[in-house]
Every structure is written in structure tokens, then in C-alpha cells.
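My request is simple: use the sequences and hints to build the entire structure.
Protein chains in written order, with the working numbering: chain F, 1 to 617; chain H, 1 to 617; chain Z, 1 to 342; chain B, 1 to 342.
If you're looking for bench data, these hints aren't it; they were derived computationally from the structure. Computed from a prediction, not measured in an experiment: that's the story for all the values here. It is possible that part of the hints are untrue.
If we take Cβ atoms under 8 Å as the criterion, some of the chain Z residues that face chain B in the derived model are [said to hold, decoys possible]:
#1 N35
#2 Q38
#3 F166
#4 Q223
#5 S249
#6 S253
#7 L281
#8 M285
#9 K306
#10 Q316
#11 V318
Every residue, glycine too, gets a C-beta built ideally from N, C-alpha and C.
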Amino acid sequence: MDTQSTHAEEFQELESVVIRFAGDSGDGMQTIGERFTDSSAAFGNDLATFPDFPAEIRAPAGTIPGVSAFQIQIGSREILTPGDRPDALVAMNPAALAVHLSELEEGGILVLNSAAFSHENLRMAGYDSNPLEDESLIGKYELIQVDINHFTLESLSEIEMSNKDKLRCKNFFALGFMYWIYSRSLETTIEFIESKWGKKLPVLADANIKVLKAGYFFGETTETSRNRYMVAKAEVEAGKYRKISGNDALVLGLITGAEKAKRNLLYSGYPITPASSILEGLAAYKHFGVKALQAEDEIAAIGIALGASFAGNLGVTGTSGPGMCLKAEFIGLATATELPLVILNIQRGGPSTGLPTKTEQSDLLQAIYGRHSDAQIPVIAANSPSDCFETAIEAIRIALTYCTPIIFLSDLYLANGAEPWKVPSVDSYPQMDVPFAEEGKPYSTFSRNPENLSRTLAIPGQTGLEHRIGGLEKDESGNVSYDPSNHEDMTLIRSEKIKKVAESIPPTEIFGEKTGKVLAVGWGGTFGSITSCIRSMQAEGFSVSSIHLRHLNPLPNDLPKIFEGFEKILVPELNMGQLNVLLRSQFLVDTIPFNIVQGQPFKVKELTKKIHELLQD
Amino acid sequence: MDTQSTHAEEFQELESVVIRFAGDSGDGMQTIGERFTDSSAAFGNDLATFPDFPAEIRAPAGTIPGVSAFQIQIGSREILTPGDRPDALVAMNPAALAVHLSELEEGGILVLNSAAFSHENLRMAGYDSNPLEDESLIGKYELIQVDINHFTLESLSEIEMSNKDKLRCKNFFALGFMYWIYSRSLETTIEFIESKWGKKLPVLADANIKVLKAGYFFGETTETSRNRYMVAKAEVEAGKYRKISGNDALVLGLITGAEKAKRNLLYSGYPITPASSILEGLAAYKHFGVKALQAEDEIAAIGIALGASFAGNLGVTGTSGPGMCLKAEFIGLATATELPLVILNIQRGGPSTGLPTKTEQSDLLQAIYGRHSDAQIPVIAANSPSDCFETAIEAIRIALTYCTPIIFLSDLYLANGAEPWKVPSVDSYPQMDVPFAEEGKPYSTFSRNPENLSRTLAIPGQTGLEHRIGGLEKDESGNVSYDPSNHEDMTLIRSEKIKKVAESIPPTEIFGEKTGKVLAVGWGGTFGSITSCIRSMQAEGFSVSSIHLRHLNPLPNDLPKIFEGFEKILVPELNMGQLNVLLRSQFLVDTIPFNIVQGQPFKVKELTKKIHELLQD
Amino acid sequence: MSTETLEEKKLTKKDFVTPNDVRWCPGCGDYAILNSLQRCLPELGVPKENYVVVSGIGCSSRFPYYMNTYGFHTIHGRAPTIATGVKVANPELIVWMITGDGDGLSIGGNHLMHMLRRNVDVNILLFNNRVYGLTKGQYSPTSPVGTRTKTTPSGSIDNPINPILFALGAEATFIARTVDTNPKHMISVFKAAQEHKGVSFVEIFQNCVIFNNKTWEPVYGRQNRDDNLLILEADQPMVFGKEEKMGISLNGSTPEVVKLGDADPVEKNVLFHKPDQTGSLYTAMLAEMEYPNFPTPVGILRQVDKPTYDSQIHEQVVEAKASDAAKASLQDIVYGPSTWTI
Amino acid sequence: MSTETLEEKKLTKKDFVTPNDVRWCPGCGDYAILNSLQRCLPELGVPKENYVVVSGIGCSSRFPYYMNTYGFHTIHGRAPTIATGVKVANPELIVWMITGDGDGLSIGGNHLMHMLRRNVDVNILLFNNRVYGLTKGQYSPTSPVGTRTKTTPSGSIDNPINPILFALGAEATFIARTVDTNPKHMISVFKAAQEHKGVSFVEIFQNCVIFNNKTWEPVYGRQNRDDNLLILEADQPMVFGKEEKMGISLNGSTPEVVKLGDADPVEKNVLFHKPDQTGSLYTAMLAEMEYPNFPTPVGILRQVDKPTYDSQIHEQVVEAKASDAAKASLQDIVYGPSTWTI
Ligand SMILES: Cc1ncc(C[n+]2csc(CCOP(=O)(O)OP(=O)(O)O)c2C)c(N)n1
Ligand SMILES: Cc1ncc(C[n+]2csc(CCOP(=O)(O)OP(=O)(O)O)c2C)c(N)n1
Ligand code: SF4
Ligand code: SF4
Ligand SMILES: [Mg+2]
Ligand SMILES: [Mg+2]
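The structure is reproduced here in C-alpha cells:
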């Protein structure tokens, strides 16, 4: 909790605050998390959020595996992560408390629904004694126990609903109370409730609003009345904003990219956490000409996308790690035939099924080397939820310009996390003009554009350009060739072509000075954590800079020069050191890996500590 | 052609000679190649062979794609490769001449079947004029044109067979003639013919012997009578020898390893060149208790093998590159569940279907990184046909001792190539004693042997040890765990365990001095070429040494120290530089890659030239 | 593998329950299936350590974690391969395989088909809830045309797979169907499945309360089951309906529903169930009988005899071991057919 | 896609021949199939550039290299996925898919099954030579039990797949069978396949001279074909035999062979072929009729109407584009439902 000024009469003003809502999966924690987000966004905070779903669909109520949580950081300054540890925790039952208490900042606000601390619930959460009754919480936190059930029912005494249904509204009580503590208006949420249920279920809308207000008034009227906080508007660029998650941004980026390239978008996927929502998202854009197919498996998914690319559509397929394994052979075929294809991997914890609902960035080396033979293809990664939009367009640019499959890496944290996004004007993106071969001219399958070494597609339906492609080695004219030197030539040129991509990318942006003691080199979803850490250390005057790579294969050409400027190069990754392997092998630089593999984003603190160590050595 | 002594009255004595037989697929070139091999082996030469099958099953007779060839190098000194370029070429038709002539050493012996140089055959081989009639061959080679068809028919004039059938024997004429030139006795071949056809088809046996002799006598009696050569016995260790190809050695190594470990061997595969002969080979050892299954695809093949390992058998599966792509997801499951499993990859040219009948060693990085997440497993490679035997046993040792999947790399060149092998005594191999868990004691799935970090298997059927495994992350006791720090612990310990393997391997053998100017670092099937090159350069006094790695993951711990002893480190590979990536990233050493990707083994000359360049720089 | 201790210790349901918490959604049909299998197995006289439960990925595939036997929760769609490996490695084991409509018929359809045609002696339970549960509610290969889910907002267009016809297409030797609402029926089918020598394919209508609640209600709901379920028993007439007033008879070669009233089924030419017909026509007929045109048949639809894959592999090995070739020592085979001595 | 030029230029077989040398073994049945397709296509009034030939891997799958159309030689078993992608991307194209018994039924069985059930409008030719040709002679999923190959030296034990029953298991809308020895028959079947709106599955008995020579000889050999092949024609009686002296009639619901002599087929209750029966029983019956117990039926075994996958996807897109939602601009959808301005 970064306290800025404390002498306000009513509110303590904070630069940023981290709040976590936790409860049973049935308690509606995601819903109120989303509402808090909307209100804060509407108010003008910068923010970042991260939902933490349970691994089970609906584990039995009250159990540890059934706990669902939502974390949000709001700020009057730039916010890049949902925060390390919450300043305030709402725990709707003992299981939620058991799972999340250890993360709460000491002295933080702890709101508990005392009604849920029954013997049975305590047992399921593994408590031997009731923490509301023993000493364990006293003094360590600003503890606020509320019998939320009771107040919820009371506030709805005049409404015709079963008690069970009434209690379903209790999450809004907690939300109302938090709005009071953090001085938020109820307006945005009331609007939401009305637009969602007002017409279809007016009773429910009414009830939820009543309970929301009851929570707010509870703060205002009860004896517990206490400190309130205020996080001012952030000074952000003027513009029209929306809230966006990584997978939503990706969906929109794909649609925009396809539109800019004037290709029909065909997406083919197979459900898998956390990639399913891309297929689901795109399926809702049929009116935009998008074809979104659910295939029988990941192999079929990529095959269908590749077939579509061959027929002149823009084929895209997406999955997560285990599905990437299955796509390997087809990626090889796409490489050999040099067809454009965008392959999305929304990474999650492994190996094998691993931790399907936790984040990790451990599929980088698979992306680069995960198929037989020398079959390099471009690999890029998004670094924030909204950046998935930009990176999707970049993936399409590379796929079409270089006539190549490309792997786009995101991760569960980006996919599900959300942040406000200043919506760009779609007109500001250039058209991508990658024409098909010209009818009436002789066509040679693998003759190349000398500039970028790309071949030109001719598509079925074009008169006179009939030709055959396939996985056997070919010569320039497209005929099967077992000739030794042809194979070497083709191998080299395929590799050269991929290297060429580096010539088309902007110079690497350095956050901070161009020279100094420590350079942190990150990629993907750790952008928020690394940048937050580096910014605040810079503000404290330390000689640290960072770069965050979008292009992982080929790596930018300017890296060796950048590295020269620093004494130490730190490579923080949520894996066992994969970018680290690439940097060392390509640049022979003695990088220092920093690896955490816990299924969670880096905590800014952990990183800061590590960099301090390096500075002291 | 290394001439040693030339003043023999009858024979010119050679230290080694390279002979290539080439003809149409229907001409029986593999058969006579094999026979020449057997005779030379029986005589006491050291030798190495390499068959070069056409890519098509049976391309139309007389065409370029229909050419089949067999190369053999025999020597009175140690022979490690089938030789760079032939000293003698037998070409049974124009297509064979067209494909292979450019490789023949200048001044080499060129035996042509003039009967095959018809207008039609010349056209199919792409000749505009007949090379027997124009000047192109004159003076460059020791040209011997024989109307083999004519002599074959003539020698069989008294035999009751159709002319068509008679002509099927013509390969033995060529063989007989080559026996005469290279002063070989016909005995071994006659024995072979008799044991093969003597009983079932005595007429055929008779015919083949007649034609063989006719070829020999042709040399003795005709006007073309000319230089003859002699390659003396090699001084090799005394012992009982056999000829062995890589896949045959692998089959025997698997059987021996399983026997030593007292596990039932279950092999499950799906046909693919050049791995099919492993499944075929093992299928013939049912009497040895081997179960060899043809699965519906490569995924099923590895799943069946893994299921067998879970049930206490030794599960083995094998394939080539494209099939490896399909096995990736299951390798991840084997890694997560820590089950022993041997996965064989007989590499061939890629990407995609690529060059299925050509060799390459480009699946190394796939073996190491080709699955999602941090899922390292051991990777080892055989370096010669007979070494597949040793390496198979080593693979089994590692798989069982460390309870881990392991990838065994071989390649098409090793798989199909053959060499004489001093058959080891199977008793000289130690028993592998890796017991299952003890009944009656508490069992914890992931409790580990502190020495090597391996877990202990309990198998279905054992009383009281019931437990469940699977791809979700587990804690030590085997329960599913989503706990962040447990995941990190398990990830680290899985990785540590693999690193431990390096402690169990012998010190790396250095061929040559421990310090010097150039160290060549090789792996896999290039052993013969690299070692031949290094040996002869050492003999010439150059400061070069080499090491050849069997263990590729983990790499041996003594490499950094070895590297210190040399000014330059050359990494020759039949790929775009894959071991190179590993060495650079793990040891930060500025290795020099040397890469040829032509679907063929290194030529000793190419390598020698490259090393000379390094020595001069 | 202590078959001798069997007499001494009578197994009970409890022996098959793990201490792990079961983590399906409250109300999920999977609970009833788990319960039924746990009740069934102790009756079958097989020592507990000889059971292996193998599954793929899906809600249903969490099953092995809840069975106190050897268990393997594998990867999506590939359970048949692991199950085959286990059974071939050690045919004494009794292998149960759990799969879902997505796991078994979408990604895993090929392995399942090959396992069926090979007649590997494994007992397969396919939990058909006509939806992807674990990934939160996308349509599956058994979802009827027009199913609206997140991936098919305008309704699905793929013709669903009929699991019975699919199994028949692979000529499975044992094909059955049961429902998660009838433990007694489930237990009898499970028992028959285990006792069948050869592959046993059991489709179970299973309810997913969260993503496809009541999908089978029209067929097996309390109000509907008498009229819409046809409980098949070998050599018994195909009769159904509240108070059994209806029957199935043949019109030419196509089945039709006939009113029986008080008439004797034989009189009315009601079909008698013959699961042991080797041809595929009869099972094809049953496969086609589906609500709403017919009552949906449950029970053992087909049971025929064929040698099993696992037993034949073992026989081939045993035969080979008894052959002359088997006299060779390990050293002999390493020497191979032809050696020379230097 | 120049449909207008069609009238002007009449296509001939030559237009479909590539300059590349055909590289199958001399005598391979694949040649005749290639020839027949090349002869058939020019007749069908589709511009050449609208043809796409897709295949997997195998001898048979080299097919696209020899067809002078757009072609894609993909990877083993996965041709159905590429074919689906091509057809859905552009439904105007006519897609032919070539596969083998290994490619289509071993590794690729699942994709094939899903393509069949989805009714993607693709024409599938499955070259059934009951062996793996390209990998040199291992047994395949259609090899009869007992087949000895390098991988099954003691004889295979897997029950073979019946491709017709397999296709029926997926409820394919067009199922046919033809033989590589009868160009006329092939051409008529190919023509019908292309004209069928929906997936067309054609099994072709194909001879592999090298690894499984004469495998179909008992069925279609010159001496045998009259007695052992039953040439089906819609609405025609099922008669066969030298001089057509035999017929198929029903005994209860199972088919049997009856002698006709000079009798009228109708008199002898000979079945009339009705490929358009929507149920699966009739096709199941045909699938079961196999040499040596029956003459093996060839021709169009089943042809029924169902909407196609590709056309429905397009309809859904077209409908959605006509909806109110479609009025949104790209910028609108990027803004999404809720924005705020700072
Ligand atoms: C290779 C792979 N692809 C996708 C997934 C995601 N996934 C898990 S279960 C499942 C489908 C589950 O459906 P079903 O088999 O019907 O089981 P249910 O949950 O309905 O019991 C999917 C798509 C995965 N785990 N692995
Ligand atoms: C992933 C993969 N596995 C295996 C192979 C090897 N392979 C090529 S074709 C083939 C089978 C061919 O049989 P079939 O489909 O019947 O075709 P045919 O050659 O008989 O026409 C196999 C196993 C491959 N190319 N790719
Ligand atoms: S999601 Fe459906 S199938 Fe899965 S556990 Fe819940 S109710 Fe059962
Ligand atoms: S191997 Fe058989 S199928 Fe393949 S080309 Fe030769 S004859 Fe035809
Ligand atoms: Mg399901
Ligand atoms: Mg075949």
C-alpha cells in the first residue's frame, strides 16, 4: 500500500491499492471483481486484474479446491500488474481464508463473512479451531467480521424470493462495502445490474441493487466505521478506453489483421484451457465473415487451418501446450510447403496436463525447436493483455509477408487478465498488401521475392496456376527432388528467410538508460512485473534498465550491441531458463537466469530483491 | 585408393578400396553388395557398407529414380566409413551411370553393362548421346564395357529357363567379375547360393553359380585382362565376428538389455522408414519372449509402450522424425509420471516428409526441447552400426535406473549401414537390478532414492501398493497438487534427476592428444567420418583431436575441462548446427559449426579440408 | 498376485474408495457411476491389486483418482493405448477404461475404434453427457444438431456420432448401454462387461448438471423412463411402457412399436432380444432405435465371441517359446546366423 | 474462377496429366485409377482450376503429383483435415481426397470418421490394397486375420476393419465400392461421387503387385468376377453369376443367395437395390455380404441426402452478415460493448 498523503479528513489517499476477492466458486467472486474493475475504470484509475479460477469445474462448496479469486490493482499512477500481495482481502468462507491469508499484506484489511464460519466449513478448510474465535488474526490485520448472510437477508426482507435465492446476492453486499471503503460510487454497478437483469429478471435486479446499497450503507452507518481510502484518477492519455483481456484482444487483433490483409479469416481450434475462449470469441463474429470451427482434435484443427491457407484464406489455429505437441508434425508440413499460418499457444503450467489453470511461460523452446529436423519458423510473444491485439496483427504481417507459419505465444495470465486499453483507431494500421500470383504468367512454386525471400501463393480457383505442393523436398520449380545439393540449398534458404524477418522489425526499445549495471531481458507475460520493478528502481536511482522482447525467433539484430552496454544481464522467466538458452547460444553472453516456476506471475518484490543482489555483488 | 605396394607380379596391393554397385532396383545390386561384403568379411578385411535405396518402391525400370546402389569399403586397416568416393563403379544401366559417375574417383574402374545402353534406356537416363560411343568416358576411367546380358545367356545356354529368368542372374556375372579384379574367392558366395536356393530352387542355384563363375572366368580369359588388386586381411582383434547393421544391432541390444534387467520387452511401433526394420526385427524374436506390436499410429505406439512400462514390462517404441512429433505429448506424460520408457528415433532428412530415404542428424534439438514446458529427459546417440547394441543397453540402464523416458537417436545411415562386429560375450554385461517396490511397506509414489533421485515403481498386481498416477502435477505422496511451491519443487527435482545421469557415465574419451589446436566434437552417425579424418590427420602429424558424444542430455560434466585444452572447437554435424546450440548455451564456448545437409554422410575429404582451414587461420 | 488370499478377505465397496476428496460438481452423474462400480467390483472375485483403471482427460476421466486400485489418468483421447499396453503386458490384470464423449469419440475416436476391432479384453465406460464438461461446456461429437454452446452460438451443424453404431462399425464384441440414474442396471451391465472375454463397450447416459443439465431427461426422467427406455434382456421379449403395454416387432426388416394391451408378446410377434447374433444387422437395428421415434434400448445390445488380442499375443509368444528356435541362447542370437573367427 | 470460359474450351484427359513421370511400380493398380479419374473429370463441366486433389502419405497418396490440378500431398493420415479446410475456405472448389487403407483407416481413421459424419462435400477415394505399400509390405487394418508380413511373421491377429461398415458407423451419406480392374465402373462411380452433394466415400479394391499381389483375385479376377462380384444398380435386381443365374433374396431379415435359372427375379423374391434408404440396416446388410459367403457388392451402396458441413457454415456466415450485428464497423467491434473516455 503506497501511502501518499495521509492528512485528508475523510479519506486516506493512496497511489495504488491491491484488492482480492475470494470465496467459493458459487459465491460470485468473479462477478464482483469485474464490477469493481468497471467502476474503477469508469472513475479513471489505471488498473490490472487477474482472475484465479479453481482447477475443478465446481468442486464441492466450501472446499479448498473450490475457492475462486479475483485480484485487482488500481492506481493513480501507471499500473502494469494486478499487484504482488493484496492490501485488502475479502474472504467469503474459511476455505478462501485458508488459501489466501498468507498473501495478505501485514496490517491489511481483512473482510470476513462470519456467517460462513460454521463447523463444517471450518473442517473442510482444514481449520482445527475457528480463526474468528482464536487469536490468530487479531492485531495482525484490520479485521472486519460481518455477518453478510444476515444483512443480506435483512435487506431483502420485503422481497419475494426464497432465502436460498436471496443469499445468492450476498456477493454484492461485500462489493458495496468495499465501494464504501474505497470511496467508489455505486453508479456503474447499478447500471450494469439494470442492463443485465432489469428487463428479464427485474426482481433479481432490484434485489442485487438493494444488497449492494446495504453493503455500502453498512460501512457508513455501523460502529465499525473506520478509515476510508481514495485512489485518485490516473493521469493517462486522453482517449476512448475499454477494458480488455488478452484473449479478447487477440480475437480482435486477428479480425483486424485479416481485414487489413483482405483475407478471409478461418480459425480452427479444439477446446483447451486457457485457449478455448479464443474459439468461443471468434465464433461470435460470424457477422464479420469469420469462420470458427471446432475440430475433432488439435491435429485436425491445424490441418483445417492449413488447408484454408492453401485455399487462400488466412488460417489460424490456437491451443495450449499439450495441443502444441500434437501440432508439431503439421507445423513441419507448413514449413516445408511455406504456407502462411498463425499458430497460437496460450501457455499454462506443465509438464503434461500439469497445472492447467496456472500460468507459466515454459513453451518457448518447444516453439522454436519442437519439431523434427531443421525447421525454424518465426516466434513472437505478447506482453500484456492489450498487447495481444498488436501482436496478433504483427503475427499476421509476418505470416503473410514471409509466407510462413508463425507461433504466437501468450499465457494464461495474459489470456484471463484484463487491463484498460486506449482503443486505437483501426485506420491507423497500414493495409497489408500481399497479392496472390498473377494469372497468365508462368508460375514457379518456390521462386522467391529477392527482398525477403518469400514465395508467392497461387490459390485453387486461379486459372492456369495449377501446381502441387507437399512435404517431400522440392526444387525451385516445385518438383519433388532428392538431389543432395538442392536439399542443402532449400534448407539454407528456408533458414535465411526466417532470419530476414529480423530486418523488418523496429529497433528494440530500452526502458531506461542505454548503459548501466543491470539489464533485465524479458519476454511475454512478465512485462508488467519486470517493468514495474525496473521503473520503481529507476525512480530510486538505481542503474537498471530493461528490454522486453516481442520477437523471439529471429531475435532482434540489435541485441548484441545493447548487451554491450551493461555489466550484468538478468533474464527473468517463469520457466527453468528458456530465453536464457537462446541468448547464450546465439550471443555467447553470460546471462544470469532468474526463474520462478510456481504457476503465478512474478512478484515485483522478488524481482527487485534479485536485482538488488546483482547490484551488490 | 591408397596404394601400398605396387610391385606385386599379379596383384597390386591396396590398403583399402571403395566399390559401388549401381543398377536398376530390379537388378539385384543390394544382393551382390551383400555378397561382396560377406566374402570380404570372411576373408578378413575390415569393412563398412552403405546401401542407397531409391525413394520409390519400384520406380519404372531404367529411370533415374529407380536406381539402387550399394557401396562398400574394404581395408587391411581399420575401416570406419563406406568411403567418400568409389574407386570402382559397376553401373548396370545408363541411369545408374548418370546418377553415380560424378562420384567415381578419376582413373577409377568403371564396369558397364553395354547391353543396357539402348536408345530407350539412354533417353530415360537423360543422355542425348551414348556415352559408350562418344568420347566422354575415354581416358578418364579404366573403362570396361561388357555385354553382360550376352554372356549371362550364353553361360546358361544349357539350362532350362526362360531368357527373362536367365537375365535375372546377370548381377552375379558382375559380381564374379569384381571378385576376379579384387582377387576374391567365390567360395562364400557359392555357399550362400546353395544354402539359399539349393533345396528349394536347385535350377536357380545352379544358374546363379554358373553365371558367377562366368563373370570370374570372363576376367581371367578375355582380352580385357588387366590389373588386379588385392586388399590384405586387416589386423583386427581376434574373436568371433559377424556383420551387423545398425537396426539389427539395436534389436539385439534391446533384447540383451531387457534380459539383463529381467524385464519383459514390449516393443510397439508403427512402420516408417528407416525405423520399420526394428519392429520387423523384434517381431521375429517371439521365442525370446518379445512382444512386438504394430499399432495404429505413433501416438498409440508410445501409449502402448508406456502402458506396458506402467504394468512392469520394459516398454520401447521407435520411429523416425515425423513420428517423433506425434509422440511429444506422451513423452510429456512419461516425464510427469516418471515411468521408464525407451524411445528410438532413427533420423532421416526433413523437414516434414522431406527426404525419407536419406540420412540426416537434425532431430537433436527436437529430442531435447520438443515438448511443451520444462520437460527434460535424457538423450543418447549411437555412433556406428554395431554401437547401436551398446547404446541400446545404455538407454535401458538409464531408463530403468532413473525411472525416466529416454530418447535414443540413430539415423538412416547407421540403421542401414553395416560393419563387421566382434560379437561381445553377453555375460560381460552386468545385470541391471532395479527392483519394484516392496509389498507390505508403505509406498509413496514420488519418494526418491537420495542417490540418484529416482522414484521406485510399484506395479499392478502387487498387493497393497495400489496408487494412481497421471499428468496433473503431484506432490511427493502422489496426490494431485496445485500448490505453487510444490510445483516448483517437483520441477526442480525432475530437472535435477536428469542432470544426475551425468554422474553415472564414464569420462569422455579423447581421440588423440588432450590439448592441441583443433578439437572436433561429434555425435551420432558421423563418428566414422570424423574419426577417419582425425586419425589420418594425426598420422600426418597435425595437432587435432576429437571426441564423440554418446550422451547429449545431460552432456558429460568433463566437457568444459576438455574444451580448455584446445584453441579451436569444431562441431561437424549433418544439420544446421544443433549440438552447436547445446554446447554454446551450456558452456559459453565459441564453437565453430561445420554443417552439411545433403542427405549423405560427411565425406572425409570435406572434413579434412575444413580442419586444414582452421589450422591455417 | 496373491489369488490365494482371496478366500480369506472378502472385499467390500470401501476397499475401492480412496481417501481423496471426490471433486465433481455436486449433483454430477459421475458420482452414481463411481458408486456403482465400487459396489460391483467386490462381487467379482478378483483381488483388488489386479484392477487397473485407466482414463483420458475430462471430468469423467478423473475417475481413477477415486478408485482405490492401480490407476492411470493419462492424456486426452489416448486411454485406449495405455489400456492396451497394460493388458498386453499382463493379461492377468482386469483393466477398466473410463472415457467421455469428447475424450473417446472426438480426439480419441481412432484409438477406441482400433481397440474395439482388435478385441482387447478391456472394459470401457463411455460417459456420454453430450458436452465437454471439463473445458466448460462446448458441444461434443454426440451433441444433437442445433446444440447451442459457446463455440456454436448459431447451433451446431455436425451430425452427431451414434456411439452404438460407431462401436458396431468396429465390430465390437460386447456393446451395452446403461444410465447413471439406475445403479442396479449399471451394476448388472458392469458385471457382464467384466465377465465378457474381449472388449466391452458400455455407453452410459450421464448427466452434467452444470453445462448440459437434463439432457437425458426425456429418455430416462422419472416421468419418461417407462415409456422411453427399452430394457433389454437376453431371450426376453422387447416390451416397455407404463405397465408394459408396448412392444417392438418387425415390419419386414424394420422395427416398429406395437401396442400390446393384454396380449401375449409372442402372439403379437414381439421381438425377443438376441444379443449373440454375430452379424451386424441386428445391432444396427437396435442402434437406430432412438428416442423420440422409439424407446431407447439399454442393456447388453450385442455380445459375441471372438479371440482376444491380448490372449493371442500371449499364445503366439508361448508357441514360439516352445519351438526349436527358442533353444537358442541369448549369446546365440547375438551371434546370429553367420559368423567368422579371426 | 472463370466459369464463362468453360463453354469455349472442352477439357480432355490430357489436361489432367502432369509432365511429371508417374513413379508407381509397373503393374500397380494405382495407374488404372489415375487413368479413370483423368478420363472422368473432363466430362463433368467443372473448370480445371477448381479441382483440388488432397492426399496423405502412401503409394496411393502420391496421386496429386500426377494430376494437373491444384494438389496437396500432406502428411500421413491427415488428408481429411486439409480437405475440410480447403472446402470450407472455398466451397466452390471440387475437392478429391486420396487415401490408402493405412493412411485412411490406421493413422487417419479418426479424421476420416469425423469428415464422414460432418458430411463435408469432399470425394474420397480409399485405395484398399490390404497392405502398406510405401513402407514395404507390413499388414494393414484391412488385412485378413492370419496375414503374414514382416511385422506379423506368425500371422496377424487383429480383426480387419470393414471399410463399408466403418463408413456406415459414421453415417456417411454416400458409400460406394469399385475395383481397379474396371475403368468403366470406376468412372461411373467417380462421376456419381462428384455429383453427390455431401461426403462421398469410395472404397477401391486395388492391387499392389509388389507386396500383396492378387489379393483381390478371388473376387475380381477374370475367372471369378462374374460369380463373386455383385454389381449394384439402383432399382435393379441383385443378380449375378455367369449368365446371371443367381440372385440375392431375404430370408427373414438376412440375405441369402438363390439360384434363379431362367426364373424371373421378381418371382424369386430377388432384392432390388435401393441405395437411398436412410436407415443403416440396409447398408449394414450390404457391408456384410462378402466373398466367399456372398458375391461382394460393388457400385453405390448408399446415397442419402443431408445438408453439408461446408454449405451450412457458409449459410451461418451469410445469415449473420445479414443480421443487425453486422452493421457494426471494425472500429465498433474493437471498441466493444462498453467504453469510457478520458
Ligand atoms: C490434447 C488436449 N486437448 C484438449 C484438452 C482439453 N480438454 C480436456 S477434457 C476435454 C473434453 C472433455 O469432454 P468429455 O471427454 O466429454 O469429458 P467430460 O468432461 O464431459 O466428462 C478437453 C477438450 C486436453 N486436456 N488435452
Ligand atoms: C507420421 C508417419 N508415420 C508413418 C509414416 C510411414 N508411412 C508412409 S505411408 C505408410 C502406410 C502406407 O499404407 P497405405 O496408406 O495403405 O498406402 P499404400 O502405400 O498401400 O498405397 C506409412 C506407415 C509416415 N510417412 N508418417
Ligand atoms: S462439469 Fe458437468 S460433467 Fe463435469 S463434474 Fe460438473 S456436472 Fe459433472
Ligand atoms: S508398392 Fe504396391 S501399391 Fe506401392 S506402387 Fe508398388 S505396386 Fe503400387
Ligand atoms: Mg462429455
Ligand atoms: Mg495400402
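Results of checking the hints against the structure:
1. N35: Constraint on Z:N35 not satisfied, violated at 32 Å.
2. Q38: violated, 32 Å
3. F166: holds, 5 Å
4. Q223: Check failed: Cβ of Z:Q223 comes no nearer than 29 Å to chain B, outside 8 Å.
5. S249: violated, 12 Å
6. S253: The hint holds - Z:S253 has a Cβ within 8 Å of chain B, the shortest such distance being about 4 Å.
7. L281: holds, 5 Å
8. M285: holds, 6 Å
9. K306: holds, 7 Å
10. Q316: holds, 5 Å
11. V318: violated, 11 Å
Hint check: violations occur at hints 1, 2, 4, 5, 11; the rest are consistent with the structure.
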